[in-house]
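Colleague: Residue-level listing of the chains:
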Amino acid sequence: MSDETNKGLLSPFRRKLLMGMAALPAITMLPKTSFAQAPATSAVNTTGLAVTDTEVTVGILHSATGTMAISETGSIEAEKLAIEQINAMGGVLGRKIKIIQEDGASDWPTFAEKAKKLLVNDKVAAIMGCWTSASRKAVLPVMEQYNGMLYYPTFYEGLEQSKNVIYTGQEATQQILAGLNWIAKEKGAKTFFFIGSDYIWPRTSNKIARKHVENVLKGKVVGEEYYALGSTQFNSVINKIKLTKPDVIFTDVVGGSNVAFYKQLKAAGIDLSKQALLTISVTEDEIDGIGGENIAGAYACMKYFQSLDNPNNKTFVPAFKKMWGEKTVIGDVTQAAYLGPWLWKLTVEKAGSFDVDKIAAASPGIEFKGAPEGYVRIHENHHLWSKTRVGRAKLDGQFELIYETADLVEPDPFPKGYQ
Amino acid sequence: MFGDYSIGDLGSIFVMQGFAGLILFSVYVLMALGLAIIFGQMGVINMAHGEFMILGAYVTWMTSNLFQSYLPGLFAGYFFLAMILAFVASGALGMLVEWVLIRHLYKRPLDTLLATWGLSLMLQQAYRSVFGAREVGVELPQWMLGSLHVTESIEVPINGVFVMCLTVLITIGVAYVMYLSRWGRQVRAVVQNRIMAGAVGINTEKVDRYTFGLGCGIAGVAGSAFTMIGSTGPTSGQLYIVDTFLVVVFGGAASLLGTIASAFSISQTQSTLEFFMSGSMAKVLTLLAVVGILMLRPQGLFALKVRK
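Line by line, the protein sequences are chains A and B. Position one of the first sequence corresponds to residue 1 (the working numbering), numbered consecutively onward. Position one of the second sequence corresponds to residue 1001 (the working numbering), numbered consecutively onward.
Please keep in mind that the hints were generated in silico from the structure rather than gathered at the bench. Nothing here was measured: the structure is a model prediction, and the numbers come from that model. Heads up, a few of these hints could be off.
Negatives, chain A to chain B, calculated, CB over 10 Å [claimed, not checked]:
id, residue
1, Lys242
2, Asn381
3, Pro415
Residues of chain B placed beyond 10 Å of chain A at every Cβ, according to the derived structure [to be verified]:
id, residue
4, Ala1133
5, Cys1165
6, Tyr1179
7, Met1196
8, Asn1203
9, Met1228
10, Ser1271
Computed footprint of chain B on chain A, listed as stretches where at least three residues anywhere in the stretch have a Cβ under 8 Å from a Cβ of chain B [to be verified]:
id, stretch
11, 58 to 69
12, 124 to 138
Beta carbons are placed, not taken as given, at the ideal position from N, Cα and C, and that holds for glycine.
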């Protein structure tokens, strides 16, 4: 500090200087507000959410620890990437998104408790989160009671719809029916063997698949088997598959069991290049653990594969790898999680408000043209219109796109004739 | 359900189902041997058993990566070295844990349950921090994949045969160490009467440490072998812990022979039932049978005869 200033502080000049300093915070705020021309906070936030003139707070609620961390890590990464990209573009209504991340710890009551904390204490404008249906079911009453907004990324069994949830993954009929139609037509498949983990999603999905096979495709289900979550021994069921010789093995085995199932299938001499296998539960994430050599040749039916060849995906995949490392892979749910923050931003901008009621009302009809899976649109029932695709697993752990529906498939969470 | 199939088909399925049962049997024995030593001989309820197994699995994964990068020519044989390293790593961690934690709790066996449960959570989070939350895929040499074609329709999984041979070898090894070696005699002496064993000059602390290390080391080898049939992730150990305790408790805690008999009866019941009904139902019935027998025989199948 120079002598001159020192004198100044002692002189009448001091008062002027202090006045100038008092104005400093206001000056630093000026460029941002004038640049984005953000609307006044009082106008866009009438319900007391955590929205300031420069920031809006959003919650991320996934399991970073516990058994589900395997799956949910990808979703956390995708949501952070989307939020960073949105912030780089100037944020939402001129406000940067601030993240509060909570850990559901693979425990459903913890999910509910953390959701309540995010809504009541932190007053977040939206929550990106949940993965398993169990965690979503635990969080749903909290979202409805405290009027929050949840963006839920996982493909799931359907039979649910809420004003307070946007389902960015596919519901069961969207995911399954197109795949079954394709394999019946392409492989002339008539007999199916179902094997799944024993909980609500595989059971509901297989119920839908069975009705479709029997009533629409006029085929036959020659076996339907469930194994407890975490089972690692599948030799008996593999023998049953060998005995019944189905045209298609249809699987929704999840978690660590998945790895055991495919390793033992291969060890038992079932060659997936000859035996058709259609899975709705294996994404690129799971193949990391299973090993490409154990599952190469299997078909998977979902809406997104990392290898999709479209301009959006070609910018999305490198951006994801740049942020999270060259070796990370991107599965269906990870992509669906990436859609959450973007759909929320578009809805907020259409509604011109952060208020949850206005967002819920403005959501139907929201289009996102930048989705890595291609164009998506929100349906009146808060699910997404999306294409269904069939991919074939390759040795390197990626899927090769074999088939995609010509049009977007309508989400139908309460399918008639399938319940 | 068999009306539609030919005799030949059925015959080969029964042969393969027999093998499936034997493979399950070897898996159970391999899982339970380490715990049978720790729980059976030392009375420590080691809830972190699964995590010691997964340490072995991660060591195998690292070894396979090393061989792929630096010694691709020897990749076909890396698995044997990986199993030895898994034994050393898990055994060393086991001895460390015994020194830091377990030795203070010998007089409070129920507290070991809580302490090792906490240890298992810490190890899981450590694996997650070091290796990442996602599962890793352990690449196996080509000769260990696929199956042996015995006849046109009978195929025996190679990895199953490998696990069976390994189980037999390790069981013989453990039986020799525990029942025929001088050190095994010391272990059994300490188990029967710690104070008297100390009085006749056995270094009980050292015996405890090595016994615990041996049990953990065998868990590591089991984990290494299970990379062939299961997943390797931070929480994969949890998949094994229930079955492991089931086998050890059902067999009668202090008896190696009991562990083997119990693994055999549980695995055969389960794999037979699995063939005739769905997997979940088979598990339920197996557990019911185990609970029923334990109600009649709380000490398990084989129990040491002790004077009450």
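Colleague: Each hint needs a verdict: does it hold in this structure or not?
Modeller: Checked hints:
The Cβ of lysine 242 (chain A) does not lie farther than 10 Å from every Cβ of chain B; its closest approach is about 7 Å, which violates its non-interface assignment. Against chain B, the non-interface label of asparagine 381 (chain A) holds: every CB pair exceeds 10 Å, the least being about 32 Å. The Cβ of proline 415 (chain A) lies farther than 10 Å from every Cβ of chain B, with a closest approach of about 25 Å, so its non-interface assignment holds. Distance check on alanine 1133 (chain B): its Cβ comes as close as 4 Å (rounded) to a Cβ of chain A, failing to clear the 10 Å threshold; non-interface status is violated.
Consistency note on cysteine 1165 (chain B): stated as away from chain A, and its beta-carbon is indeed over 10 Å from all of that chain's, at 15 Å minimum. The Cβ of tyrosine 1179 (chain B) sits about 30 Å from the closest Cβ of chain A, beyond the 10 Å cut-off, so the non-interface label holds. Under the 10 Å C-beta cut-off, the non-interface status given to methionine 1196 (chain B) relative to chain A holds; the minimum distance is some 43 Å. Interface exclusion of asparagine 1203 (chain B) from chain A stands, the closest Cβ pair being 39 Å apart, more than 10 Å.
Remark: the non-interface label on methionine 1228 (chain B) conflicts with the geometry, its nearest Cβ contact in chain A lying 7 Å away (cut-off 10 Å). Residue-level check failed: serine 1271 (chain B) sits 5 Å from the nearest beta carbon of chain A, not beyond 10 Å. Only when three residues or more bring their CB closer than 8 Å to a CB of chain B does the claim for the stretch 58 to 69 of chain A stand; here the count is 5, and the claim holds. Under a criterion of three residues with beta carbons nearer than 8 Å to beta carbons of chain B, the stated coverage of the stretch 124 to 138 of chain A fails, only 0 such residues being counted.
Hints 1, 4, 9, 10 and 12 from the earlier list are contradicted by this structure; the remaining hints agree with it.
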